[in-house]
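Novice: Sequences listed follow chains V and R, in order. Everything in the first sequence is counted per the numbering used here, starting at 2 for the first residue and increasing by one. Everything in the second sequence is counted per the numbering used here, starting at 2 for the first residue and increasing by one.
In short, the hints are calculated from the structure, not lab data. Treat the hints with care, since some could be wrong.
The list makes no distinction among identical chains, and a pair is therefore deemed to hold if it is satisfied within one copy or across any two copies.
Claimed, not checked - Subject to a maximum C-alpha distance of 20 Å in a straight line, what follows is the list of computed SDA-like cross-link-like pairs (lysine to any residue):
#  : residue 1 : residue 2
1  : K87       : P386
2  : K87       : L74
3  : K284      : P223
4  : K284      : D372
5  : K284      : Q131
6  : K284      : E258
7  : K284      : H180
8  : K284      : A340
9  : K87       : K284
10 : K284      : D390
11 : K284      : D118
12 : K284      : L99
13 : K284      : R64
14 : K284      : A367
15 : K87       : S66
16 : K284      : R219
17 : K87       : R290
18 : K87       : G179
19 : K284      : R101
2 protein chains.
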Amino acid sequence: MATQRAEQGHMLIGQSGGPTAVINASLVGAIHEAQRLDAVQGIYGALNGIEGALQRRIIDLRRESAATLDALLNTPSAALGSCRYKLQPDDPARAVNLMRELGIRYFLYIGGNDSADTAHRIAQAAAEMQYELRVVGIPKTIDNDLPLTDHCPGYGSAARFIAAAVMDSARCTEALPGHYPVKIIEVMGRYAGWLAGAAALGQRTPDDAPHLIYVPERPFDPAQFVQQVRATVRRRGYCVIVVSEHLADAQGRQIGEAQAQGQDAFGHTLVEGVAQTLVDLVKTELGLRARFDKPGDEQRMATAHISRTDRDEAYLAGRMAMRYAVRGVTDKMVTLVRARGPRYACETGLADLASIANSQQLLPPAYLNADGTGMTPAFLAYARPLIGDPLPEHATLRGERLA
Amino acid sequence: MATQRAEQGHMLIGQSGGPTAVINASLVGAIHEAQRLDAVQGIYGALNGIEGALQRRIIDLRRESAATLDALLNTPSAALGSCRYKLQPDDPARAVNLMRELGIRYFLYIGGNDSADTAHRIAQAAAEMQYELRVVGIPKTIDNDLPLTDHCPGYGSAARFIAAAVMDSARCTEALPGHYPVKIIEVMGRYAGWLAGAAALGQRTPDDAPHLIYVPERPFDPAQFVQQVRATVRRRGYCVIVVSEHLADAQGRQIGEAQAQGQDAFGHTLVEGVAQTLVDLVKTELGLRARFDKPGDEQRMATAHISRTDRDEAYLAGRMAMRYAVRGVTDKMVTLVRARGPRYACETGLADLASIANSQQLLPPAYLNADGTGMTPAFLAYARPLIGDPLPEHATLRGERLA
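Chain V with its partners taken away, still in its complex shape:
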């Protein structure tokens, strides 16, 4: 690792990609660290990430009060605004010229795979243009799909929301199984099943919901799905199913993808979304009433489910990114490194931005059970510390019958 001390200069930070419940904690961590470092003069924020920076939409973060920064630790979503902007060929050089003009020596970028690619290309351009710029990425994604880091800030809070929401929602089905015996809950996660798997964190007994989890790592077989739902309803009287937003069959066809013309993989027309497609399949093939919950963006954002652990780690990643940059690190992303030993603890490391940008971390096979519809104890041990405080306990009646 390079440790040369940078020139004094300004710092610019941006937020990119899908917001999370704790992405602002990383922002605040970086600002707090910048405030105490002599090498950092101006503390600037790019509105809507690199897209806004290239439009010179930049704010002065030294003008924000300490109270605002503290409150941002419990405020979900990207306070600077975010973007999903793919760099055009000229953009890296434009960005470096802008930073040179403004005297920016430190560029911190909070985001996922695509944001790592953006940051990497700007770091490369700065090197080619011989402008001394330190570029450090701060990981962020509810999808938990970045490689080279134990997990990603943002995942723990979203996982906590999903575990709690599935616990809650399943109780409704359990209390009234005859009404809608099959419930499907569609969760995010892109092409990885980390979020869907998190639903298992609320299970207390093997019979608890979710009874079936379908993740993108396994090909989805509609016939097998129908058989598994039928078997669960026979055994339990109802079935609560968690599905990832992206499922594909063995031929790689997305389940529930909208098609302007023709039919989807199951022969239905104009159906959109995995959950609705599977609800239709249950109705058609099993003749059972089914419905779905789709928490949508609430799973990214739930203020009430911010994991303290997740928030603290997001803050730490922000602090450390600033510290590493001033130490001379560039073209790297901060990673989270889990300490060995029985007690959960986490520190930070570094990985090449380029190796983050072009890779995706899927669920390892050891985290999925034999038929791929449930999580193993190894997954639960991995994920449980990340969601922070224990989940609520729900009481049940012992229910002793009258003699």
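Mind docking chain R on chain V? Use the hints.
Specialist: Only chain R this time, still in chain V's reference frame:
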């Protein structure tokens, strides 16, 4: 009100209809009151409401620990199990015969309109059969659509969830408006807009989400909807919309209803659900990316959003139902009566079960703004005390631009 003291006897309680986050608080309130009343001997619970009672699926609630009862105050869903069972012609007499056989003198039934009808018919049958039975209903519904009560236990917690979820989810759209500029959030409420209206409780400024609310009390006009969304996106850059699950056009056609053959109101085929239909409409008519959240049963059940006020009132309604029954009241439902004056307070009253059963309380016109897409200060003043503690405050940056 009859005040004759009842014979000593057993009490039977059941839970019916869609569960809520606080329906167990009513159960516990009734049990606690029964425990301290000499007139009540056995305290029995019907599993899955009247449907289970008729199958003699009855448990002994005196066998439950104090700790379990306390924990049920924070456990959503119906601990006894619920039902949606329409009484058959012989059922009221069968129920009365069962109660006579078991020595049950008090029958408390927690539920909404349909449950009030069930309880009323059993009360009538008991009177006709000259069996002295005191039947008292305890109101319960997230839909808040029961008449003759200021509001319904269950509504405050669901309203709190919706207000918080819309605040959270809207921040995601606000941070990244270019990605999906239109967000639609589909909420429950049957044929009343109380829950959809609750989304307005999170607004801090007139520009805050939700920008448009569509409730069942007003006919839905697709052309006007398209125009209103277009205008909001032009003004704000994005648009967050809350829609009730049941919307109908001026001809009474349900929006988004599945049709086995043919087309829905907008000419789309096989689309199901309001939110998906409106997403398609936005895409087609405005060419904008749109997506939807559908919290589903989580809005009934969210442990993290139990309103303390709602829970306390649910508990009070349960206690008072037991107390009224022992005082000789029958064929009535407990109501909530809001005290006059600047400080919110609530006590209980009574209404005829028959007048609850056959009526539905919709949003009064004074609670909807002129074009029917937003809520008035009168609604906010009505609803705000019901959601308990203040909603979380989200911080925003002052965002001073670089000179």
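Novice: Please name the hints from earlier in the document that this structure breaks, with their numbers sorted from lowest to highest.
Specialist: Hint check: 1, 2, 4, 5, 8, 9, 10, 11, 12, 13, 14, 15, 16 and 19 fail, others pass.
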